[in-house]
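Here the protein sequences line up with chains D and C, keeping their order. Quick note on numbering: our numbering labels position 169 of the first sequence as 324, and the sequence is numbered without any gaps. Quick note on numbering: our numbering labels position 63 of the second sequence as 1237, and the sequence is numbered without any gaps.
Any given hint could turn out to be false.
Capping the alpha-carbon separation at 25 Å, the derived lysine-lysine pairs in DSS-like fashion look like this [said to hold, decoys possible]: (1) D:K469 x C:K1328; (2) D:K342 x D:K365; (3) C:K1242 x D:K463; (4) D:K469 x C:K1424; (5) D:K342 x C:K1321; (6) D:K463 x D:K365; (7) D:K432 x C:K1423; (8) D:K277 x D:K293; (9) D:K277 x D:K234; (10) D:K469 x D:K432; (11) C:K1321 x D:K340; (12) D:K409 x C:K1429; (13) D:K469 x C:K1423; (14) C:K1423 x D:K409; (15) C:K1429 x C:K1245; (16) D:K470 x C:K1429; (17) C:K1245 x D:K469; (18) C:K1429 x D:K339; (19) C:K1242 x C:K1380; (20) C:K1380 x D:K463; (21) D:K470 x C:K1423; (22) D:K339 x C:K1328; (23) D:K277 x D:K199; (24) C:K1372 x D:K463; (25) D:K409 x C:K1372; (26) D:K432 x C:K1424; (27) D:K340 x C:K1429; (28) C:K1373 x D:K432; (29) C:K1328 x C:K1245; (30) C:K1365 x C:K1242; (31) D:K470 x C:K1424; (32) C:K1407 x D:K463; (33) C:K1245 x D:K470; (34) D:K432 x C:K1429; (35) D:K409 x C:K1424.
Hints are computed from structural coordinates only; laboratory data are not their basis. Just so you know, these numbers come straight off a predicted model, no measurement behind them.
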Amino acid sequence: MSGVWVFAENRELTLELLGIGRILADEMGTTLSTFVAGDRERAKDYISRGANEVLFLPPLQEGQALEAYIPVIAGEAAKADPDIFLFAATMRGRDLAARIAARLDAGLCSGCVAIRFDKASKTFEAERLAYGGAAVQKVAFTARPAMAAIPPRIFEPAKEETGRDGQVRELPAAPPSTARVVEKKAKERKTTNLPDARVVVCAGRGFDKKEDLALVNQLADALGGEVGCTRPISEELHWLPEELCIGLSGISIKPELYIGLGVSGQIQHMTGIRGAKVIAAVNRDENAPIFGASDLGIVGDLYDVVPKLIEELKKTP
Amino acid sequence: MPNIVACFKWVVDEAYIRRTSSGELDFSAVDYKISEYDRNAIEEAVRLKDAGGGSVIAITVSVPEATKGVKDALSRGADQCYFIADPSFRDLEPAQTAKVLADVIRNRVGSFDLILCGEGSSDLYAQQVGPRLAENLGIPCFSFVQKVSLEGGKVIAERRVEEGVEVVEATLPALVTVLPDVNIPRIPGVKDTLMASKKPVVTVKKEDLSGLADPTLRTVGLSAVRMERTCEKFGVDAAEIRRFVDGLKKRGVLK
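Next up, chain C with everything else stripped away, as it sits in the complex:
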């Protein structure tokens, strides 16, 4: 029976990021969510379990306030959750997160067959934690996968590449990062949420880890993207349409 690990990140919901009148990013009214593609990773883990048995362990590296995310992951069908939390983990870079995950998966989760990650997180979208985690654990890695199955101790994956699709296989344990089209994540119902409260959560603190890697990157700036455009608006009657076409002509973009 396979042990399937699904990694997820609790992120700022970018829809709530506002821009101040001076053009700065305003995070004061933000809400949080499980990163979109990580929902696909959890869903895929649960589907594989439904198809072939085993168990699903959700795991996250986050700040202590992310308990809502832990409960959300459990209500999406994971059997238990490893919650690695510390106030200083808000700004971990991918290299550090991947090492923390490798540490906990190797030393605490112990036996695992398949690790699933989203292709990237919806906040920073660095797309590194999955592949780095596989390297840290020394296991095969398939990224950008649109279909995955387990068969006779192997994982078979359809990964998207420039030329089309590559069907690949490897002996377990292995790691797979999934694309959003791999499945449609379920929306947890009331019953799922109630059940989630009864599932075990293993909290791992910073002191319990075998250390934290030094950063390899330093963020030296984060600013709003500016789009300077003239923002002229037009109506739908004949004269307005003509004025619009004239506008295109004046800008020299018509042949």
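Same shape as in the complex, but just chain D:
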């Protein structure tokens, strides 16, 4: 047996994996399979977007978490022997991928940002970031299946195509779990357009107090952009919600313009803005690493610079 398998915990991420999965399957001349948990209606949607086969996971029992499917998924993979198995690297996805890899004795490239199939050698090569984003590690796989956990927004979602055909196969129900979910607390998700924003203004540690973040909002408004922040602002100071944290441990963005205010340019953060078309920075420390990775940088106190900048932008037609 062979094939490309993908697993993600929601539709949006499944579509991204179907996108790259279809590309790989076509290059390899094989089939693409994906999973759907609980909702059988979804299967048609996935078939129209490139899946040849949808593996249906019956609904979980009360108190079971998604991890309850691990024995079912790993068992099916051991039988069907796919060539490659991709996961969406959400927190849950990274955990699932590692545990299934352990059961299959397979190699897993976590935080995978690129994957290629070499037709001549029929092998895969994957890339990931290491040392806080300072280095790119390339890995080859020496066991089957090749596995990778891919962060959100690396690949384009699969598009719908009419007239696609595929089959749905039902898998056994999850066995009783040793772990139990006792409570779920939904995140107070502040709606943010940050991931898709055209302009992002980012707050860094250069701010003295929370109230001063008003400057970030004002500049973002002047530019028609969204606000983001570095990890210390959300995780240590809790001045902004974690959804706005940009970097290796937060989200990656690809705006037209990024402006960092009081952002020093730690590599963990810069990793998240690599895809920006233009990077600009305001920092009073001339030697801040961000200037080495910016297109345009103002060396100066942000408290002095930002109001001037807003003024100038208003004048600019």
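With chain D fixed as given, assemble chain C onto it according to the hints.
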């Protein structure tokens, strides 16, 4: 009384990695440290012990030179340390490390109730050793946990997931990987460091293991990430600010 195992990795401090003029990574002047999130794992183990009694066993798979890391772990409050060392362990992959840990925990540590790991290591950040170790030992696993407690033979954990927080529980033994916000690790004092020298260290050699798993991955390249940018700098007077805004305009990023 629970036996708590805290796993840690002795890693290159990435702050010391330099880049040569040709853009290659230069590891010649690096220092080492206990991986950041593993400090949280050790701290959490010690806190659980302080709250409910028991003992804390620190454990690492490393090269023989990592003795400084062993002492650091002990000075952070662990009661004893299993030091699994061999010169060839520098480049173990997560799958191999997890199997070595499982081997030693099962066959040498023996009885344990809770295993704590950091969510990932600060060098390679593969985030696999914890979950793989749990599978190898056949015990429940909760990853990315921000709060953990022990109660009546159970572990109760608050794990972070996409939708928010999931409160989960399992009967011990179990494994938990912790997020950095689970606690603030202590900074060992002089007394802690002195006491650490008197604590027992069990050294396990490669020959003492029941074997080493074959690699499943091969690193075929490690190179510095390049960021090609124009690096233009501007001052703060009115003319400079105008020039900066013009620069944005020229690049077509203003509406």
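Could you tell me which of the hints above the structure violates, numbers in ascending order? Violated: hints 1, 3, 15, 17, 18, 20, 23, 24, 25, 27, 28, 29, 33.
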